[in-house]
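S.K.: Chains A and B, in that order, give the protein sequences.
Position 69, counted from 1, in the first sequence is what the numbering used here calls 69; the numbers after and before it change by one each time, with no gaps.
In the numbering used here, each residue carries its 1-based index in the second sequence increased by 222.
Take these hints with a grain of salt, some might be off.
[Stated by the list, open to error] Here are a few chain A residues that sit away from chain B, every Cβ distance over 12 angstroms (derived from the structure):
1. E10
2. N28
3. S47
4. N55
5. K168
6. E196
[To be verified] Calculated pairs, DSS-like style, for lysine-lysine (alpha carbon to alpha carbon, straight line, at most 30 angstroms):
7. B:K279 - A:K40
8. B:K321 - A:K39
9. A:K58 - B:K253
10. B:K290 - A:K202
11. B:K253 - A:K202
12. B:K299 - A:K104
13. B:K279 - A:K187
14. B:K253 - A:K59
15. B:K290 - A:K58
Note that these hints are calculated values from the structure, not bench results.
Computed from a predicted structure; not experimentally measured.
Backbone N, C-alpha and C define an ideal beta-carbon position, used for all residues, glycine too.
Read off the chains here:
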Amino acid sequence: MIVADKKPIEEIIDMVKGYQKILIAGCNECVTVCEAGGKKEVGVLASALRMYFMNEGKKIEVDEITLERQCDHEYLEEMRNSIDQYDAVVSLACGVGVQFMAEKYFGTPVYPGVNTCFMGVTEERGVWSERCQGCGQCILGKTAGICPISRCAKRLLNGPCGGSTQGKCEISKDLDCAWQLIIDRLKELDRLDEYEEIAPIKDWSTERAGGPRRVVREDVRQ
Amino acid sequence: MRLRYPDTIRIIRVPCTGKVDLIHILRAFEKGADGVYVVGCMEGDCRFDNGNLRARKRVAQAQAILDKVGVGGERVKMFNLSSGEGPRFAEYAVEMTEKIEEMGPNPIKIAMQKAA
Ligand code: SF4
Ligand code: SF4
């Protein structure tokens, strides 16, 4: 999933304080799972904003909605008939959702209510960590299912580097060395001989370095 | 055992304090409550393992938000006691009431009255 973190309330207040009628829009998918932008967080933010503005003596209306997803036309379309009532929207979806909303409702200001962080997993409730950087050429088959692009601080393809100490990365003793994990798992799978193969230079043009990306699938396109 | 506790308190019964969500606490303030306190079982004694620990976290979240919106985080508090401690229940009620009286009314309530 896409992992996001809550923005401080004061930052959100600052973005919307000039408007009269605001919509807080949540998303039922990734940001619900990472407890940053689902229906519950929408309710909490809306309540906090209402109290803040009421306390300031300002008459500001704050409404709530949570869409199934904000990265697909069909769900965003559900707001078509009501969007004009609002002076601004705070989207609690990831940056993808915020942007798609802004593209679709061109005349309505849309503000981000979360900080979008990475693609990752829930290690335990309250702890999320990165697993993939969408490099566009997945090499997990060669690396025992552990991604050195997202999990090695230097993105080494033939690791580890000299900073790997007792299984930890040199940038932090709380961070596992991805290459240690790869070697341990290759050993476990009895495939350590594959570690001897030198990985060729990676084609980074499919990664962000190649500019904004698209996937076009003529086989499913309409 | 007949115990007296301040009659300004409205008790909302829940099956376990783990049922108390952050939004329930916030809504109470939005509607004008001057204070909210959550009374759970002793930590480690939850029948559902960690209901009261979750409640404690939510109370802390509510405190942080209420501080930021100008209502005052001290208006929310978590207490723990065991089911046999009736007198302590009454003591907590008095403690919370005194605290809230000292803080005065919820500023949201005052703002709502002004706006009306
Ligand atoms: S808008 Fe973002 S958070 Fe919501 S489903 Fe799409 S990718 Fe996930
Ligand atoms: S190799 Fe690329 S696509 Fe595969 S997990 Fe790592 S970043 Fe993601």
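S.K.: Can you give the numbers of the hints that this structure goes against, from lowest to highest?
M.R.: 1, 3, 4, 8, 10, 11, 12, 13
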